[in-house]
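Undergrad: Listed here are the chains, written in short residue letters.
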Amino acid sequence: MSVNHNNIWEVAEAYLSGSLPQDQIIEIKDCLAADTVFANEFYEITNLIRSVEGSGKQKRFRGMLRDIHAQQQTAAAPKKAKLIIFTPQFWKTASVAAGVAILTSTITIWSINASIKRHESQYNTISREVGAIKKVQAQQQAEQANLKEMVNKASKHTPPPSDVKYSGTGFALTNDGYFVTADHVIHHDGKGDFDSVYIQTHDGQYYKANLIFADNTKDIAILKVEKKSFRFGKGELPYTFTAAKAGLGSRIFTLGYPKDEEVYDEGYISSRNGFNGNNMQYTLELPVGHGQSGSPMLDEKGNVLGILAAVGSQDEANTYAIGTKALMELLNDQLPDQKTIRLPKANKLSRLSRAEQIEKMENYTFSVKVYKK
Amino acid sequence: MNNEQQLLAALAAGERTATERIYQQHYHIINGWLINNGGSSADAADLFQEAIVVLYGKAQEEDFRLTCSIGTYLFAVSKHLWYKKLQQQNRGPAILQSNIGGDEDEIEIAYEDDINVHTEREAHYEQLDSALDQIGEPCRSLLKAYYHHDKSMQEIAADFGYTNPDNAKTQKYKCLARLRKLFYTMQAK
Chain S
1 MSVNHNNIWE VAEAYLSGSL PQDQIIEIKD CLAADTVFAN EFYEITNLIR
51 SVEGSGKQKR FRGMLRDIHA QQQTAAAPKK AKLIIFTPQF WKTASVAAGV
101 AILTSTITIW SINASIKRHE SQYNTISREV GAIKKVQAQQ QAEQANLKEM
151 VNKASKHTPP PSDVKYSGTG FALTNDGYFV TADHVIHHDG KGDFDSVYIQ
201 THDGQYYKAN LIFADNTKDI AILKVEKKSF RFGKGELPYT FTAAKAGLGS
251 RIFTLGYPKD EEVYDEGYIS SRNGFNGNNM QYTLELPVGH GQSGSPMLDE
301 KGNVLGILAA VGSQDEANTY AIGTKALMEL LNDQLPDQKT IRLPKANKLS
351 RLSRAEQIEK MENYTFSVKV YKK
Chain B
374 MNNEQQLLAA LAAGERTATE RIYQQHYHII NGWLINNGGS SADAADLFQE
424 AIVVLYGKAQ EEDFRLTCSI GTYLFAVSKH LWYKKLQQQN RGPAILQSNI
474 GGDEDEIEIA YEDDINVHTE REAHYEQLDS ALDQIGEPCR SLLKAYYHHD
524 KSMQEIAADF GYTNPDNAKT QKYKCLARLR KLFYTMQAK
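Top line first, the protein sequences correspond to chains S and B.
Numbered per the numbering used here, the first sequence finishes at 373, counting up by one with no gaps.
Numbered per the numbering used here, the second sequence finishes at 562, counting up by one with no gaps.
Since the hints were made in silico from the structure, they are not lab data.
Check each hint, because a few of them may be wrong.
Said to hold, decoys possible - Straight-line alpha carbon distances no greater than 20 Å define the calculated EDC-like cross-link-like pairs of lysine to aspartate or glutamate that follow: (1) B:K524 - S:E329; (2) S:K218 - S:E236; (3) S:K57 - B:E485; (4) S:K57 - B:E493.
Let's have the full structure, built from the sequences with the hints guiding it.
TA: Dropping the structure here:
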C-alpha cells in the first residue's frame, strides 16, 4: 500500500484539492473499501483539513466584510467634478510649477540614493525622551505639582514611582479602557523594563495602565487602563478602523501630544509602503514632533488608517505610520487567551467639520507617560 | 437573474468587488428596518455581516441554489437572526409575526434550516479555534499563517526560519496531526 502513515496528510490534502493523479485516487478508493480502520482515519483527516480550510476562508471573509463596512460607512457622496481650464494667463505659473516639480524630483532621487547607504540611522522613532529635553523639566515639575494636587483630590490614583522617562501618544480601541500606542513608546530601548505606564487624559487626569500585549516587530502595544469602571468618554468611540490601504495622496490628519498640550497636524499619504518598502507601513508627508509616536492617523472621514511611528532623518523628512492592517492582525491572532477587543463599528465623524471631529476625538486620544528609574 | 447568479458565484469565491456590491445594495435596507425595530447601527452591522456569512456559507455547498433574490434572502435571514437574539435576551416576540401560511411558510423554514446549519458550523469552528489555541507554538502560528492568512509555504519557511518550503510543509503536517488529536479528544468530552 502506497498510503503509509507518514504521507497520509499529504495524500489527503492532494485528494481534497483535486491534484491527486487518477491511479492514486483509484488506489485510495480500494483501500477505503477494504480497510475500515484506514477509512475512518482518512475521513477524519479529510474532515479536519476541510474544517481548517473552511474556517480560515471564513475568517478572511469576515475580515473583508468589516473592512467593506468601515469603508462604505464613510464613503462620501459622489463629488461633482470640477473642470479647471488653464487660460493663457496661468501658463506662466504652470510652467514655473512644472519646473519646480522637476527640480524636486531630482532631489528626491538623490536623497533616495543617499538613503540606501545610510539605512537604519535614518529611521528615528518619534517618542519623546523627556529627560533629554531641558525645557521640559520645568513642565515636569509643574506636572508633578499637578499630580500631587490630584493625588490629594483623589487618593485612588497613586503617584507614579519615578520620573517620567518617555512620553508618547495613545488612542482608545474600546470605550472601557483598551488602547493602542507604538511599542517603542513603552519599550524605548528594546529592553522592555518600564516601572509603570500612566495615561494623562485631555482633562489632565492620570490613570494607570497595564500592558496587555506588545509586538516589537510590528511596533504596536496594546494596553488597558487599570481602573475597572474607567470609560474614555460618554459614548462609543467616534472613529472606525479600516485595514484596506488608502490611496496615494489621500489627505490625512492626526492628533497627538508632542508637548503637554494636544496638537493637530495634517498631511497626505506620500507612499503606500513605509521605511525600506515595508508594506505594513505608510510613508506620510506630515509634520510631526517627538512625542507623537502612537498617535492615530485618520482619513478625512474619521477612519483610522494607521498609527504614527517614526520620522526619517532630517534631510529626508518623511513620517512613517504603521497601517491598521497590522493592528487588526495583532488583535485577531496575537492577543492572549480570553481577550477579545471589539473595535467600534459606527463612525460618528464622517459628516463633521474638522474642528468638530477633533472635539469629538479629544476624550479618546491622550498622552502616554512611561516611568522608569 | 443571471447577473445575481454570477454575483453569488463571486461571493462564494470571496471576491471583494462582488461582496462590496451586495453590501452596498442591501445594507441600508436592513439598517433602516432594524432601527425601526429597536436596534442600533452597530447591531445592524453585526446582523448584516452575519447574514452575509450565512449566505457565503450556503454558497459554498455543491448543490447550492437560491430560490429567491439575494436581497430577500439577506433580509429574511437578518430578521430571523434578530428575533433569535431578542428571544435569547427575553425581550422580543417569541414567534415571527409575519408571513403566516402558504408557500411562504416553507421558505421561512428553509431560512431556519440555513441558520441552524450556520450555527452548528460556527460552534464547530469555535471548537477548532480553541484546539488551535491550545496546540502550542510554533504550531499555532504556523497553522494560522497558512490557513487563516493564506500565506504560502515559501513565506512561512522564511518567517519561521525553515531552510526550505518542504521542511515547513513537513512541520505543517506534524502540526495538523497534533491538531487532530487535540480536536477529537475535545469533541469526545
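Undergrad: Each hint should be assessed against the structure and marked as holding or not.
TA: Now for the hints, and whether the structure bears them out:
no.: 1; hint: B:K524 - S:E329; verdict: holds (13 Å)
no.: 2; hint: S:K218 - S:E236; verdict: violated (27 Å)
no.: 3; hint: S:K57 - B:E485; verdict: violated (24 Å)
no.: 4; hint: S:K57 - B:E493; verdict: holds (17 Å)
Hint violations for this structure: numbers 2, 3, all remaining hints satisfied.
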